[in-house]
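Peer 1: Sequences listed follow chains W and H, in order.
Quick note: the first sequence uses my numbering, first residue 19, plus one each step.
Quick note: the second sequence uses my numbering, first residue 238, plus one each step.
Calculated directly from the structure, the hints in this document are not laboratory data.
A few of these clues could be false.
[What the hints assert, rightly or not] The calculated label-pair distances, taken between Cβ atoms and stated as ranges, are:
hint, chain 1, residue 1, chain 2, residue 2, range
1, H, Gln609, W, Ser203, 39 to 45 Å
2, H, Ala395, W, Gly87, 56 to 62 Å
3, W, Glu54, H, Glu403, 50 to 56 Å
[Said to hold, decoys possible] Residues from chain W shown here face chain H by an in silico Cβ test under 7 Å; the list is partial:
hint, residue
4, Glu65
5, His72
6, Leu76
7, Met98
8, Arg111
9, Ser113
10, Leu114
11, Phe149
12, Pro158
13, Ala159
14, Val182
15, Gly195
16, Leu212
17, Val214
[Unchecked claim] Pulled from the structure, derived: some chain W residues nowhere near chain H, Cβ distances all over 10 Å:
hint, residue
18, Pro50
19, Leu53
20, Gln57
21, Ala58
22, Pro73
23, Gln95
24, Glu100
25, Arg167
26, Thr186
27, Asn199
28, Arg202
Glycine residues also receive a C-beta, built at the ideal position from the N, C-alpha and C atoms.
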Amino acid sequence: MSVSLARSTLWSTKEPADRIRLRMVAGAEPTPSVLEAAQAGDPEALEAVLRYLHPVILRFLSFKFGAAGSPVEDACQDCMVEIIRSLPGYRSRGSLKAWAMKLSFRTARRNRQREALERGLSLDDFPEAVFSVTPGDRAPALDLLRAMRSLTPKKRDALLLVEVFGLTAKEAAGVVGTLENTIRSRARHAKEELAVALEPGGAS
Amino acid sequence: MSGDQDPVEPALAALREVEVRPDHTEAAVRRALLRNRSPDPSPRLRWARFALAAALLLLALPFFATEPADESQAPALVRLAGGVLLQQDQASRLSLFDAGPTLRVELEAGRVALRLMGDRRERVVQVVAGPVRVEANGTVFSVEREGDEVEVLVTEGAVKVFSRGESLGLEAPRRWTVDGPTALSVAPAGLALLAEEVWVEPLQAESSQPEAIGPEAIGPEPETEPKPETEAEPEQGPEASAKQATSIKRAPHRAQASGEASPSGLRARRRNRRAPSESRSLPTDAAPDPTPNPPRASTPSEEPAAAPQARYQAARSQARAGQGQAALRALRTLAQEAHPIWSPLAHLERIRLHAQLGEAAQAVDAAEAFLQSHPEHPLAPEAQSILCRLDPEHEDCS
Numbered sequence: 019m020s021v022s023l024a025r026s027t028l029w030s031t032k033e034p035a036d037r038i039r040l041r042m043v044a045g046a047e048p049t050p051s052v053l054e055a056a057q058a059g060d061p062e063a064l065e066a067v068l069r070y071l072h073p074v075i076l077r078f079l080s081f082k083f084g085a086a087g088s089p090v091e092d093a094c095q096d097c098m099v100e101i102i103r104s105l106p107g108y109r110s111r112g113s114l115k116a117w118a119m120k121l122s123f124r125t126a127r128r129n130r131q132r133e134a135l136e137r138g139l140s141l142d143d144f145p146e147a148v149f150s151v152t153p154g155d156r157a158p159a160l161d162l163l164r165a166m167r168s169l170t171p172k173k174r175d176a177l178l179l180v181e182v183f184g185l186t187a188k189e190a191a192g193v194v195g196t197l198e199n200t201i202r203s204r205a206r207h208a209k210e211e212l213a214v215a216l217e218p219g220g221a222s
Numbered sequence: 238m239s240g241d242q243d244p245v246e247p248a249l250a251a252l253r254e255v256e257v258r259p260d261h262t263e264a265a266v267r268r269a270l271l272r273n274r275s276p277d278p279s280p281r282l283r284w285a286r287f288a289l290a291a292a293l294l295l296l297a298l299p300f301f302a303t304e305p306a307d308e309s310q311a312p313a314l315v316r317l318a319g320g321v322l323l324q325q326d327q328a329s330r331l332s333l334f335d336a337g338p339t340l341r342v343e344l345e346a347g348r349v350a351l352r353l354m355g356d357r358r359e360r361v362v363q364v365v366a367g368p369v370r371v372e373a374n375g376t377v378f379s380v381e382r383e384g385d386e387v388e389v390l391v392t393e394g395a396v397k398v399f400s401r402g403e404s405l406g407l408e409a410p411r412r413w414t415v416d417g418p419t420a421l422s423v424a425p426a427g428l429a430l431l432a433e434e435v436w437v438e439p440l441q442a443e444s445s446q447p448e449a450i451g452p453e454a455i456g457p458e459p460e461t462e463p464k465p466e467t468e469a470e471p472e473q474g475p476e477a478s479a480k481q482a483t484s485i486k487r488a489p490h491r492a493q494a495s496g497e498a499s500p501s502g503l504r505a506r507r508r509n510r511r512a513p514s515e516s517r518s519l520p521t522d523a524a525p526d527p528t529p530n531p532p533r534a535s536t537p538s539e540e541p542a543a544a545p546q547a548r549y550q551a552a553r554s555q556a557r558a559g560q561g562q563a564a565l566r567a568l569r570t571l572a573q574e575a576h577p578i579w580s581p582l583a584h585l586e587r588i589r590l591h592a593q594l595g596e597a598a599q600a601v602d603a604a605e606a607f608l609q610s611h612p613e614h615p616l617a618p619e620a621q622s623i624l625c626r627l628d629p630e631h632e633d634c635s
């Protein structure tokens, strides 16, 4: 039987949690058994969960605030620590990603460096040491981030959560604490505004 | 918006493809794990929690040594001369001073509930809890203190609260809290809920009886007693509270004879009181109580009705004794049950406890869930107040 190496099947869930050897690359979503092991305190499983969540959080914060550098890195660290502490209480009612983004959303909002984040270094380019971007994607992605600065924070959040990070409207509503329809409406308006801004000769 | 000319979709697709380098993630994960193992970033808070837990443990040690474990959660009931009933939680510590027209209770820690029976306008009862003084006659109220945090609940009559140079009259039903140096805040609450919360039925009701403590058992008023008429802050010097006071440390009160203030009598009075209190109209600024007729009221003889109350109080005692996580587990279980009174109260207590423990994210989650499941509850404003304090930019706070 061939073993598919899809992201979610990189682990053998047949192994006991304490003997799981994690052959995970960044971005792989932990299986329920690994998640369970991480909640029970297994250090390797915890690392694997964090490896999965770190890129999500860092990208989310970078795109949300349009910032890069130490303010974002510090905020991301705060979120990671919050996730480590809260993970035992996670109940798999929604996706792990949505749960982590909800925590991050709130942690970043309370973050002492929030002001630094908001007025911080603008993400005019993707730092080579942090992001991996293909040449073809770089320019349109940066254009989009520049155009997103004209959006209100609420519309920007809705757009990112639904369109970039693939959360359902329900999950996104849980992250920002509003209704599903509100999220859909904000995302739709955001896309309409971006369409105008990104047109040749547009606002951006 | 997904047509061929749409410039947004290709840009979104490009943004989705931006990835974080694995080596960067690896380093960040290591850093987060190391940071998590390092001491708490707020050492002052950690120290304060440790000191509080240690102090509570020291206070509770004598009781552990002399009392059976099954009574450890039961509040003590004390009958003072002149028709004053005093109920004291475990781990609470207080001193009494009798000065003729004034009975003064100095609450150092924990919770005390007072029922002032009959028309006692000629005599004032003062409860001094840190920077807060509460004066009352002919009423039922409780005062709870943890450090500088004081909570006053009034379920019958009225009290007057003096704090930080200000005074405020509280008519039942009211909850008053002071959170450190912040301003006074009064949140309306349902009378029936508060009544349940203030006056706890002793767990060992059948075997316990209040003990009469006459004036001879109470020390004279200290010379430095502040004048009750003034609205100045009560003095807090150690000389004012230490000497000549009768310190009551929680003790079970048992007797063979059944007296006027026996627990069964209390229970009967409470049942009698419940009916009129349900029909009493709340003040105009108080939200209507959505649970005025809990099933328990219609079936007073059913035993299970008492269980949630005891569990709720036990969880609160656990929290006060520093067993926050155990208390949270018990409260979560109770909150998930469908009890009309105690489930929402347990839910709200969870929110408070998470907030006290510094678990802001959990507190916010719990507050959101509370507001979603009990939007019309009389205590919903308090849940929202905590939510907005922890997360001022929350959608519900704008």
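Peer 1: Could you tell me which of the hints above the structure violates, numbers in ascending order?
Peer 2: 1, 8, 9, 10, 17, 22, 23 and 24
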